[in-house]
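> Listed here are the chains, written in short residue letters.
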Amino acid sequence: MSHLQLCLAFSSVLFAVGLTGALARSNSILVLLGLELMLTAAIMNFIAFWRFGPSHAPATGVIFAVFAIAVAAAETAVGLALVISVYRHQRNIRLPEANRLRG
Amino acid sequence: MNAVLVIIALVTVGAAVVAMSGRNLLHSVLLLTVSWAGVAAFYLWAGAEFVAFAQLLVYVGAISMAVLFAVLLTRRSRDDVAAPPASRSRGIYAILSGAAVAAVLLAAVSLAPLSSAPTPPPSVTVRQLGDQLMGPHAASLLVIAALLTVALIGAVVLAAGGSPGNPEDEP
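Protein sequence lines, in the order shown, are assigned to chains X and S. Just add 120 to wherever you are in the first sequence, counting from 1, and you've got the working numbering. For the second sequence, position 46 matches number 30 in the working numbering, and the numbering has no gaps at all.
Calculated directly from the structure, the hints in this document are not laboratory data. Using N, Cα and C, we set each Cβ at its ideal position, and we do this for glycine too. Don't take every hint at face value.
Said to hold, decoys possible - Derived, one-sided and incomplete: chain S residues facing chain X with beta-carbon distance under 10 Å:
| hint | residue |
| --- | --- |
| 1 | V(-3) |
| 2 | W20 |
| 3 | F26 |
| 4 | G31 |
| 5 | R74 |
| 6 | I76 |
| 7 | A78 |
| 8 | S107 |
| 9 | Q112 |
| 10 | I128 |
| 11 | V141 |
Stated by the list, open to error - Derived Cβ-Cβ restraints for the label pairs, each shown as a range:
| hint | chain 1 | residue 1 | chain 2 | residue 2 | range |
| --- | --- | --- | --- | --- | --- |
| 12 | S | L(-6) | X | N219 | 20 to 26 Å |
| 13 | S | G114 | X | R214 | 42 to 48 Å |
| 14 | S | A92 | X | L215 | 27 to 33 Å |
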């Protein structure tokens, strides 16, 4: 296996672990962390292709990865705010109980 | 060089698996921090130092602290950090779908006609990166700045705000 394939296999396994966690857990913080893990695995692919793929522009992969990390940070902030908001209304952060649209 | 990558991958994936299957929420968050640090080590290994430090600052430094605060703010009692697993059938279905996705991805990766020729490492200095960010990518930098501002203001409004007429907001 070449380096690129090893990197892609690494990120694929990390993605699958995140997906399993996001599907299996009912605690909303753990579901959010599973989503974060999937996003991180996707960002790793940018770096893998930047390092080992056919290169055209020298900095494109790095810049894309930095932007993706910034978007992930914004997503986490909004997600955690939603978790806290759900907790204020339901006194609970388990997802099966959070089934009402009005507070 | 391969051995280092395999060690990093084992630590990262192992920490992620234990975190996603654990019963203690605090342990899960701390183990995921270890996993994100492993991803930062992968970036260092690949030669993307700037991304590695961005990962350390954003994930290991900021996001883990925010998640810890969320865990501590949403527990009902002092010891309420238990995250009991969901029903057994749901766990089995989740593991099955995760394994299916992993199998498809790994098959695609191993069958893809990727060039295995050793490529010279692309060298990019922080100076070049700054020139690129301020030059051809300035528009996307501005969009990211606006996105972060809107998202953080929205997060504050969501987490702190409550309609004044809502009786549940009264202490």
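> Does the nearest C-beta of chain X fall within a distance shorter than 10 Å of the C-beta of I76(S)?
9 Å, holds
> Looking only at beta-carbon atoms, does the pair G114(S), R214(X) fall within the given range of 42 to 48 Å?
45 Å, holds
> For the restraint on R74(S), tell me whether the closest CB of chain X is nearer than 10 Å.
6 Å, holds
> Are V141(S) and chain X close enough, Cβ to Cβ, to be under 10 Å, as the hint says?
8 Å, holds
> Given S107(S) as an interface hint, is the shortest Cβ-Cβ distance to chain X below 10 Å?
7 Å, holds
> Can F26(S) be said to touch chain X, with a Cβ gap under 10 Å?
Hint on F26(S): holds, closest Cβ of chain X at ~6 Å, below 10 Å.
> Taking the least C-beta to C-beta distance, is A78(S) closer than 10 Å to chain X?
The hint holds - A78(S) has a Cβ within 10 Å of chain X, the shortest such distance being about 4 Å.
> Would you settle whether the hint for Q112(S) is holds or violated, based on the nearest Cβ-Cβ distance to chain X being less than 10 Å?
Check passed: Cβ of Q112(S) comes within 6 Å of chain X, closer than 10 Å.
> Against chain X, is G31(S) within 10 Å by beta-carbon distance?
6 Å, holds
> Quick one, is the V(-3)(S) hint okay against chain X at 10 Å, beta carbons?
5 Å, holds
> How about I128(S): closest beta carbon in chain X under 10 Å, or not?
5 Å, holds
> Taking the closest Cβ pair, is W20(S) under 10 Å from chain X?
7 Å, holds
Hint compliance for this structure: hint 12 alone is broken.
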